[in-house]
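Throw the hints in and build the complete structure from the sequences for me.
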Amino acid sequence: MVSAARVDTFPVGDAPYSIALDGASVWVANERDGTVVRLGRDGTKQATFAAGKVPHGLFLDGDTVWVTDAEGDVVAQFDAQGRRLNSYRVGRQPGPVVSDGANLWVANQGDGTVTKLGRDGKVLGTYAVGKTPVALAFDGVSLWVADIASNTVSQLTLEGALVKTFSTGREPTALVFDGEHLWVTAAREGVVLKYTRQGGLVGTSWVGAYPRDLIFVGDRLWVSNQDSDTLSVLNKQGQVLEAYPVGDGPLRLAFDGESVWVTNGKEGTVSRVKREGAALRVSRVGNFPIALAFNGRYLWVANLGDDTVSRVGLDGTVQASFPAGDRPVALAVQGQDVWVANERGKDVVRLAPDGKRLAEFPAGLTPSALAFDGSRLWVAGGDEGVVRKFGLDGTALVTVPVGKEPRSLLFDGTFLWVANRGSDTVTKLDSDGKVVGTFPVGREPRALAFDGENLWVANRAEGTVSLLGRDGAVLRTYRVGARPVALLFDGQAVWVAAADHNLVTRIGVRDGSLRGVVVAGGPSALAFDGSGVWVASFWERSVAQIVP
42 MVSAARVDTF
52 PVGDAPYSIA
62 LDGASVWVAN
72 ERDGTVVRLG
82 RDGTKQATFA
92 AGKVPHGLFL
102 DGDTVWVTDA
112 EGDVVAQFDA
122 QGRRLNSYRV
132 GRQPGPVVSD
142 GANLWVANQG
152 DGTVTKLGRD
162 GKVLGTYAVG
172 KTPVALAFDG
182 VSLWVADIAS
192 NTVSQLTLEG
202 ALVKTFSTGR
212 EPTALVFDGE
222 HLWVTAAREG
232 VVLKYTRQGG
242 LVGTSWVGAY
252 PRDLIFVGDR
262 LWVSNQDSDT
272 LSVLNKQGQV
282 LEAYPVGDGP
292 LRLAFDGESV
302 WVTNGKEGTV
312 SRVKREGAAL
322 RVSRVGNFPI
332 ALAFNGRYLW
342 VANLGDDTVS
352 RVGLDGTVQA
362 SFPAGDRPVA
372 LAVQGQDVWV
382 ANERGKDVVR
392 LAPDGKRLAE
402 FPAGLTPSAL
412 AFDGSRLWVA
422 GGDEGVVRKF
432 GLDGTALVTV
442 PVGKEPRSLL
452 FDGTFLWVAN
462 RGSDTVTKLD
472 SDGKVVGTFP
482 VGREPRALAF
492 DGENLWVANR
502 AEGTVSLLGR
512 DGAVLRTYRV
522 GARPVALLFD
532 GQAVWVAAAD
542 HNLVTRIGVR
552 DGSLRGVVVA
562 GGPSALAFDG
572 SGVWVASFWE
582 RSVAQIVP
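Sequential numbering of the sequence shown, starting at 42, is according to my numbering.
The set of hints was computed from the structure by calculation and includes no laboratory data. Glycine included, every Cβ here is placed at the ideal spot set by N, Cα and C. No false leads were mixed into what you were given.
Listed next, with one range per pair, are the computed distances between beta-carbon atoms:
1. Asn276 <-> Pro403: 48 to 54 Å
2. Lys315 <-> Gln377: 39 to 45 Å
3. Pro403 <-> Gly549: 38 to 44 Å
4. Asp120 <-> Pro52: 23 to 29 Å
5. Glu221 <-> Asp395: 56 to 62 Å
6. Asp63 <-> Gly346: 51 to 57 Å
7. Asp161 <-> Asn276: 39 to 45 Å
8. Pro52 <-> Lys205: 42 to 48 Å
9. Lys205 <-> Asn276: 23 to 29 Å
Taking lysine-lysine pairs in the DSS-like style, the calculated list, with each CA pair at most 25 Å apart, reads:
10. Lys475 <-> Lys430
11. Lys307 <-> Lys94
12. Lys94 <-> Lys172
13. Lys86 <-> Lys315
Right, dumping it as structure tokens:
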């Protein structure tokens, strides 16, 4: 399954929580600054108005907006211009609000009740449901309530009578029906659970860290993952098909007929995710492909699991595979030749396009990365904390201590950059091997790219990419999905492979726009052939070409 999306992000207010859509506008409740913001569908801000102390839940009702105030213990009604029309007292700390088609229901998180309101604001009933109800859903017949403190879901009639209560996973934060089954987040466990209407568990799907909200769009379930800053997309069988990076701390979801919107609670923004098509051509290679390189004619693939490199034509045909050494982990090209770093073999091997071995020389205890500076080959010693410079005949020229566990090298035309996974830094070297500077980045920097002006660093342990100036200053950080392990600049954008989310993200260098392409099997390496981006999938034993 392959899909792509464009992700656009817009500022709203402080700690945006709830979101609701009408035909023309996007409404967002900002908990920390006490406002509601109205955006156009293009993200332009149309209006901002005060909406209580802690506006939490939103419901659009024709020309009016209902907003729960979690600190004021009221539900307030506003017109489209933000004028307060009425205010009605409900339970303590009212949160989400839903409609059953005739009346409104409010979950009161502070006193374990739900309140039923008429459209005239009259309280029609208040009913006990648990300790801390945080999510509501209406299935056409009954009201369903998720209780985060009791780890339960309750079913109520529209008269407020309790039908049943059943246990769920830890910390249910959202629930939704697909027409037949009930889906419930278990946020503390990082899963979405699928139940029958009787409460029988029929499926468990692992998504991101701390899933917060759910919506169905057609036959796809969308999940916001608060602590991994992504949206996951599942089919009705519970298979995770796609994942898209959004802002920091995604919470509530809404759909406008074209795009999915999400509030990013920790950064004061909303993101709009619009799905787009992408073509993907897949070719089987060797076992556990871990590195790619393009020499102007062929794509070369290092296969960690069977100690080979594969030569792939631009039509995706695997033309040949050649023995490369013991545990090949990195590639570099010079002219038509390909150089291979063998981690367990402790050497570097040079191969001609026909696979003929042209040279072989020892390269330290654990060679882990390669880079050419135009006339010399640089090799990272992963477990030694050094970088070595060699002549093309294998002559050792210099050894330079850098940080712990150097795992990626990049030459920007003047300087050599080293990503030190074990010390959370990048080191900048001049052509003689002198250390020019060492700069902190994110946790476990694993890959590097250069866009002609700035340096990009993939931070493996925190799911981010750091943008650095050539002086080492961090200019911006992007969230891109779990375990980013490869980077590529194609002339216009930087591509990021996030292995644990089966996601390759395109970051526009000029505008910072994000687009995700799903590539199954743990994307582990990237290469550019002048028109398309190639992705190695470690577990799928394949390479895929993303065709624009």
